[in-house]
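**Student:** Just need the whole structure built from these sequences, with the hints factored in.
2 protein chains.
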Amino acid sequence: MPDKPSLRSLTKITQEAMSEVNKVILDRLQSDVALIPQLAGHLISAGGKRLRPMLCIAASMAINKNNVAPPKSALYLAASVEFIHNATLLHDDVIDSSDQRRGNKTANAIWGNEASVLVGDFLFARAFELMVETNDIWILEKLSAASAQITEGEVKQMSMLGQPDSPISDYFSVIKGKTGVLFAAAAQTGSKVGNGGDELNSCFHQYGLALGNAFQIMDDALDYGASTKQIGKDLGDDFAEMKITLPIILAWQDSNNTERDFWLRTLKQGNQTEADFDKACSIINKYNCIERSLDYAEAEANKAIEAISNIPNIELREALVETARFAALRDN
Amino acid sequence: MPDKPSLRSLTKITQEAMSEVNKVILDRLQSDVALIPQLAGHLISAGGKRLRPMLCIAASMAINKNNVAPPKSALYLAASVEFIHNATLLHDDVIDSSDQRRGNKTANAIWGNEASVLVGDFLFARAFELMVETNDIWILEKLSAASAQITEGEVKQMSMLGQPDSPISDYFSVIKGKTGVLFAAAAQTGSKVGNGGDELNSCFHQYGLALGNAFQIMDDALDYGASTKQIGKDLGDDFAEMKITLPIILAWQDSNNTERDFWLRTLKQGNQTEADFDKACSIINKYNCIERSLDYAEAEANKAIEAISNIPNIELREALVETARFAALRDN
Chain A
49 MPDKPSLRSL TKITQEAMSE VNKVILDRLQ SDVALIPQLA GHLISAGGKR
99 LRPMLCIAAS MAINKNNVAP PKSALYLAAS VEFIHNATLL HDDVIDSSDQ
149 RRGNKTANAI WGNEASVLVG DFLFARAFEL MVETNDIWIL EKLSAASAQI
199 TEGEVKQMSM LGQPDSPISD YFSVIKGKTG VLFAAAAQTG SKVGNGGDEL
249 NSCFHQYGLA LGNAFQIMDD ALDYGASTKQ IGKDLGDDFA EMKITLPIIL
299 AWQDSNNTER DFWLRTLKQG NQTEADFDKA CSIINKYNCI ERSLDYAEAE
349 ANKAIEAISN IPNIELREAL VETARFAALR DN
Chain B
49 MPDKPSLRSL TKITQEAMSE VNKVILDRLQ SDVALIPQLA GHLISAGGKR
99 LRPMLCIAAS MAINKNNVAP PKSALYLAAS VEFIHNATLL HDDVIDSSDQ
149 RRGNKTANAI WGNEASVLVG DFLFARAFEL MVETNDIWIL EKLSAASAQI
199 TEGEVKQMSM LGQPDSPISD YFSVIKGKTG VLFAAAAQTG SKVGNGGDEL
249 NSCFHQYGLA LGNAFQIMDD ALDYGASTKQ IGKDLGDDFA EMKITLPIIL
299 AWQDSNNTER DFWLRTLKQG NQTEADFDKA CSIINKYNCI ERSLDYAEAE
349 ANKAIEAISN IPNIELREAL VETARFAALR DN
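Protein chains in written order, with my numbering: chain A, 49 to 380; chain B, 49 to 380.
Derived by calculation from the structure, the hints in this document are not laboratory data.
Which residues of chain B face chain A? A few of them, derived with a C-beta cut under 10 Å, are:
| no. | residue |
| --- | --- |
| 1 | Val167 |
| 2 | Glu181 |
| 3 | Val203 |
From the derived model, a few chain B residues whose C-beta atoms are all more than 12 Å from chain A:
| no. | residue |
| --- | --- |
| 4 | Glu68 |
| 5 | Val116 |
| 6 | Pro215 |
| 7 | Ile216 |
| 8 | Asn243 |
| 9 | Arg313 |
| 10 | Asn319 |
| 11 | Asp324 |
| 12 | Glu339 |
| 13 | Glu346 |
| 14 | Lys351 |
| 15 | Arg365 |
Cβ atoms here follow ideal geometry from the backbone N, Cα and C, with glycine treated the same way.
**Tutor:** Quick look at the structure:
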């Protein structure tokens, strides 16, 4: 029986370059204003999977049949993408008033919202400085457009708060913005600095978009207990914040009138008691909405795999296929 | 007797181009997510002096002896600079919990902090999209570096809160970051798209930096009642927020022990009563700190005037001299 899909192969192929990327990240966090590297370092050093920069590095290595070290501009680009991601995390934690991320206290819980907003802005500006070093206007165009779309996705998510009767298409437009487009831009621009050519760049755009969507759908399903093994994220955060994610939209569509009254009370009026999260999970399970969410994630993963079926580097292709399978893995 | 210095001449020279800039601004505020143009439009349409884009346009017109319409890329650049400025205003109002700006309710007071943070991010991203359209990496380099320095200035300002014994050099480093560098980048990059050449670009950098500093010093002095004619800004905001500005630093340096105890109670411990702002003004006036702040503003204005003494467009040069005099105008 084959091993369960994981990030191991991708991590291994990109490992050497990623240790260079980490050096760039630490170097560019520096500032004469001491609070900036302190606060940003707290978040960035805490880790996370570094998926976006890893994808960027991988894409830059796709054109060669063998694994050749990526060009220096790929390192800057990967660091830039990680900075954009962390800028959005800092701002998200302010917006959600979160006090925990990846099992640690959030920056806003330690240093306050003001500092988190400003250091997020700093990371965003530094991200653009790093991009400029690639000396490629096309890359700046793709990443600045992606940055605008990320905020549009976040604002749209905010506009949907408390509306469980939202259509599935709205949910997909939110996750495309808040997650898909940055994965897509990371992969596409990585391919470009690796001299991928138009067709390969476009394949990586599709791969990144579908992969990002799959990860986000999974993340949203995990918040209603798709797996018991998760660490560092509290179950029920989305429910408490009245966020409308795929399990909720699917459950609303099948709910009877009594159940719809429950959703309206808890998610629209925000009138929640302690027992309500369990009740929400039981309605979600009654209509099989976690499984059905994971079907959507799997469909995205399959799109991702399809998109890269012709890339020259076979070992990398297999690692990217495995990454997509991992993104949609049940009970991961 | 000559008229009092004003922005009239600069406004007149840049008027036609600025109406094109306003069209670009309105066009690029659009988004499928309705809240974005609503919120951003509330702030941007409320006006303000549009100093930064006007300076950018002016600099792009400096190389020709006569006033020739600036190139299209100057319009994008000017809009971009105004977007960056408004992004920082949105975030500042969240950070200061302000509910009034330019005589209107702030965006955060109407739509909440969350939306203001995200729409600020959106404007920042759109600013980079606009810059990309100038197709000039040098410009992107200057403006991304300026953006990082702005946030460094803001974080440094935050680190100085409640410390009236800060050195004047720290104050100058804060205002350079939060105001000077964006004026400098607007002027310098404007000159570049107008084919200014290295020397002219550098003159405009110096002009913008000194002009921005002069405006900020004046703004900080106005907060302690340098003029009675101001509209849309409450006196004493900086004092209430325990911000350390030039009048405070100067007053602290001359204060006796009793007065220092007053500063420590009100600005360090934040223990303020209703009568304290008048008391603060009376110590500031006792040591002539407003006048002395305005001397600093005048010195910056003179530096600005000196920097552009050789630009080819004489009519524009005179308008820029008048603008600098206006920035340091007593009782304006």
